[in-house]
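Taken in sequence, the protein lines are chains A and B. Each residue of the first sequence is one higher than the one before, starting from 38 at the first, in the working numbering. Each residue of the second sequence is one higher than the one before, starting from 38 at the first, in the working numbering.
Read the hints as simulated data drawn from the structure, not as lab findings. Some clues are possibly wrong.
List time: in silico SDA-like cross-link candidates among lysine to any residue, alpha-carbon distance up to 25 angstroms [to be verified]: (1) B:Lys195 with A:Ser175; (2) A:Lys195 with B:Ser171; (3) B:Lys193 with A:Ser171; (4) A:Lys193 with B:Arg170; (5) B:Lys195 with A:Tyr166.
Being a predicted model, the structure only gives us computed values, none of them experimental.
There are 2 protein chains.
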Amino acid sequence: MEKAVVLLSGGIDSSTVAAIARDYGYELYGMSFSYSQNHSVELESAKKIVGDIGFAEHRIIHLDLASFGGSSLTTSASIPKNGDHTMEIPSTYVPARNTIFLSYALAWAEVLRAYRIFIGVTAVDYSGYPDCRSDYISAYETMANLATREGVEGRKLKIEAPLITLSKAEIIRRGTELGVDYSLTHSCYDPTIEGLSCGFCDSCLHRKKGFEEAGVPDPTRYIS
Amino acid sequence: MEKAVVLLSGGIDSSTVAAIARDYGYELYGMSFSYSQNHSVELESAKKIVGDIGFAEHRIIHLDLASFGGSSLTTSASIPKNGDHTMEIPSTYVPARNTIFLSYALAWAEVLRAYRIFIGVTAVDYSGYPDCRSDYISAYETMANLATREGVEGRKLKIEAPLITLSKAEIIRRGTELGVDYSLTHSCYDPTIEGLSCGFCDSCLHRKKGFEEAGVPDPTRYIS
Numbered sequence: 038m039e040k041a042v043v044l045l046s047g048g049i050d051s052s053t054v055a056a057i058a059r060d061y062g063y064e065l066y067g068m069s070f071s072y073s074q075n076h077s078v079e080l081e082s083a084k085k086i087v088g089d090i091g092f093a094e095h096r097i098i099h100l101d102l103a104s105f106g107g108s109s110l111t112t113s114a115s116i117p118k119n120g121d122h123t124m125e126i127p128s129t130y131v132p133a134r135n136t137i138f139l140s141y142a143l144a145w146a147e148v149l150r151a152y153r154i155f156i157g158v159t160a161v162d163y164s165g166y167p168d169c170r171s172d173y174i175s176a177y178e179t180m181a182n183l184a185t186r187e188g189v190e191g192r193k194l195k196i197e198a199p200l201i202t203l204s205k206a207e208i209i210r211r212g213t214e215l216g217v218d219y220s221l222t223h224s225c226y227d228p229t230i231e232g233l234s235c236g237f238c239d240s241c242l243h244r245k246k247g248f249e250e251a252g253v254p255d256p257t258r259y260i261s
Numbered sequence: 038m039e040k041a042v043v044l045l046s047g048g049i050d051s052s053t054v055a056a057i058a059r060d061y062g063y064e065l066y067g068m069s070f071s072y073s074q075n076h077s078v079e080l081e082s083a084k085k086i087v088g089d090i091g092f093a094e095h096r097i098i099h100l101d102l103a104s105f106g107g108s109s110l111t112t113s114a115s116i117p118k119n120g121d122h123t124m125e126i127p128s129t130y131v132p133a134r135n136t137i138f139l140s141y142a143l144a145w146a147e148v149l150r151a152y153r154i155f156i157g158v159t160a161v162d163y164s165g166y167p168d169c170r171s172d173y174i175s176a177y178e179t180m181a182n183l184a185t186r187e188g189v190e191g192r193k194l195k196i197e198a199p200l201i202t203l204s205k206a207e208i209i210r211r212g213t214e215l216g217v218d219y220s221l222t223h224s225c226y227d228p229t230i231e232g233l234s235c236g237f238c239d240s241c242l243h244r245k246k247g248f249e250e251a252g253v254p255d256p257t258r259y260i261s
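Just chain A, with the same shape it has in the complex (with noise of 0.2 angstroms):
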């Protein structure tokens, strides 16, 4: 069985992502990473759908990216509500974030001796990261190809990304047909002890609106 390392941030895109891979007929390896706060409740779902999908193994890296401060994410700086942006990344956009998550994927892959890194960013509900867009995936594949012994030996490594041409809509439809527990996920940025969500940060709005397009129950518990 192929192996393939996926990026797991236990939200509707990264398990879907999920659910595509098995569908390939990957053997999956779940790579995801804390690195503020923020996340913990995003940590939990991720933890279930390697429980529910089904996964050979699953890493939790640390990592500190709140010490270089940056991004609302991880930082105190209050997160943006109802679509209220002054630039065009937004300030939840966390520096250099994919890249050091494909880093880490990229050196397990190697070991492994896999050969595809799974990824669910998309460029189209597109949240305006420059790291989400296909020209970055496609460079950072040709970096990687000459980074380690197997692009240099032997065989090629792929950056497989099968949402970015989807919308949340079509994501979520993609999902539910191969069996996707959405309720098991997590997407908002800013979400209370208990885990629920808050529903007017940009995540949670894609994600309303992403269920109501594609007319599938949004199963999230929301604040109100």
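Chain A is already provided as a structure; the job is to place chain B on it using the hints.
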């Protein structure tokens, strides 16, 4: 004063790179990584170099690369001595190491608004590591400029690898001109607890040969 992030291992190459960046007129932000027990001696050297050359800030990032395995530098596998290799890429290669290091540097550079990252890779007295080649550095730079807010909206980031065409002897001569105190640096893959160098690992062999060819006295304390 323009800022530059400098990847600093505490060895000859990165210490020379720091001196070059300072000579170019940059304000230096040093970044070192703690990724295995083996390297505590190197980190002590990095701190000494920071003090000697003068940095605005120095960060040590703790990484758990050992959990991935795959390298004799992060596992209990024996370090090759006297050039005894059975593979083209030696066992001391750490999967995706420079990619992970550069990715952290990229995050910090973005927050600092630094447009230069200095790295002491060299393709001449080439250690056989894929992530020390010029093609790799160029591909990383291309990817980095697609990954970040700055790369998209503003000024381009440059990865500076000023040693890439220099031999170890040329590096030592250049650093000596710039006043680098090489007695503070450390190269050995397999030092004693007291910090003495083994004298026979690849890194010691390159170091000895470098000083010899440069005609500069070797200040290293070897076991014998």
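Against the structure, the hints come out as follows:
no. : hint                   : in the structure
1   : B:Lys195 with A:Ser175 : holds, 19 angstroms
2   : A:Lys195 with B:Ser171 : holds, 22 angstroms
3   : B:Lys193 with A:Ser171 : holds, 19 angstroms
4   : A:Lys193 with B:Arg170 : holds, 18 angstroms
5   : B:Lys195 with A:Tyr166 : holds, 21 angstroms
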